[in-house]
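Line by line, the protein sequences give chains A and B. Every letter in the first sequence is one number past the one before it in UniProt numbering, and letter 61, counting from 1, is 61. Every letter in the second sequence is one number past the one before it in UniProt numbering, and letter 46, counting from 1, is 46.
Take these hints with a grain of salt, some might be off.
Identical copies carry no separate label here, and so any pair may be met within one copy or between two of them.
[Claimed, not checked] Straight-line C-alpha distance at most 30 angstroms; calculated BS3-like pairs for lysine-lysine:
#1 Lys52 / Lys104
#2 Lys81 / Lys187
#3 Lys126 / Lys40
#4 Lys181 / Lys62
#5 Lys52 / Lys133
#6 Lys112 / Lys126
#7 Lys104 / Lys62
Please keep in mind that the hints were generated in silico from the structure rather than gathered at the bench.
Protein chains: 2
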Amino acid sequence: MGDEVVLLDFCVSMFAMRARVALAEKGVKYENREEDLRNKSSLLLQMNPVHKMIPVLIHNGKPICESLIIVQYVDEVWRDKAPLLPSDPYQRARSRFWADFIDKKLYVASRKVWGTKGEEQEAGKKEFIEGLKQLEGELGDRPYFEGESFGFLDIALIPFYSWFYAYETFGNFSTEAECPKLIEWAKRCMQQESVSKSLADPKRCMSLLLIGYRTGC
Amino acid sequence: MGDEVVLLDFCVSMFAMRARVALAEKGVKYENREEDLRNKSSLLLQMNPVHKMIPVLIHNGKPICESLIIVQYVDEVWRDKAPLLPSDPYQRARSRFWADFIDKKLYVASRKVWGTKGEEQEAGKKEFIEGLKQLEGELGDRPYFEGESFGFLDIALIPFYSWFYAYETFGNFSTEAECPKLIEWAKRCMQQESVSKSLADPKRCMSLLLIGYRTGC
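Take these sequences, add in the hints, and give me the full structure.
Shown next, in the form of structure tokens:
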């Protein structure tokens, strides 16, 4: 009997994109169920009763929640293809540290860029650009964050690329002017089919902020 | 040449306690450097320039930051003794999920219990007790969170036990009355030397809140 894999998804969610990229990297076939976040399915409420949030990966009936935990799970279960986390414990710790930084700092700042105005927005914009520059520093001259091949930290960050257009429009700045090497890295990632087919259309992300949540992509 | 292991520590920090318990579980010898958080050492600022926070584990000169990442690192490097994370990917994902829940929900609620007043404190107290009950539900009838032996999720939660006295005093409630099984679990954990020698004195935690930060234990 094969694996039954279901992803409770929301197209433009950067957290859901992480799960989609990881599954695509591993070549895992799965059923995608797009959620209506204004009217969450009983399956979502049952599978993630604590946070009631997407993404949820349901593997043979068992739920795995939280995007970075899903990516690690996918890496640990489908071991035979495309390792995502480095094998060295110190490099793994570094990858986890920066992925955590993305969630704790970069994501929080990004919400201020489009969700606030005036001084708060300016502060958010500054934090966001500063966070991107720190990540650019961590990337250094490597093609991908973990070295020569696409991996865990690339997956943690690349979904933001779908949102840059919206952030730039709301915040009136150019990510490429601020962080040219990071944009080169993003374009390199987009050459991976696992990424290009999993990321949401930037205009779709923008329209979500302008007209509110809706389902489907 | 042996390993050089240094922990940048702060006695009553629950995040630092996690690192101390993990190192003790593995029997790792290390140098403990207590930080003065009002006057952070240049070593701390150099080793954790992003967050400038303890704990930092410095292993052969390389820094590992963020307590849960440190615990995983310790588990991955010192593999031969006391495995902390379960070996099954689904169980690992569950452990990571609840550890993340502790940081995102329980810790945030705990700060409201002692750091706010009135309605906000009441809301924090309610969230804190609800979070503990959810964790008690996850524990079920097992002796430890991951089963028969003390592990990762036990380490993530047990430092709160040092703080219960302070929370109970500020919030006027009894954790034991609310979550008797969780207190049984905590007492069971305290029978481990790795825990009893690593946890801070509850009165010391309380005095920190009453008289402010100071160093040494």
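Structure-based check of each hint:
| no. | hint | result |
| --- | --- | --- |
| 1 | Lys52 / Lys104 | both (20 angstroms within a copy, 14 angstroms between copies) |
| 2 | Lys81 / Lys187 | within (23 angstroms within a copy, 44 angstroms between copies) |
| 3 | Lys126 / Lys40 | between (34 angstroms within a copy, 25 angstroms between copies) |
| 4 | Lys181 / Lys62 | between (40 angstroms within a copy, 26 angstroms between copies) |
| 5 | Lys52 / Lys133 | between (33 angstroms within a copy, 18 angstroms between copies) |
| 6 | Lys112 / Lys126 | both (10 angstroms within a copy, 28 angstroms between copies) |
| 7 | Lys104 / Lys62 | both (27 angstroms within a copy, 22 angstroms between copies) |
Checked against the numbered hints listed earlier, the structure breaks none of them; every hint is satisfied.
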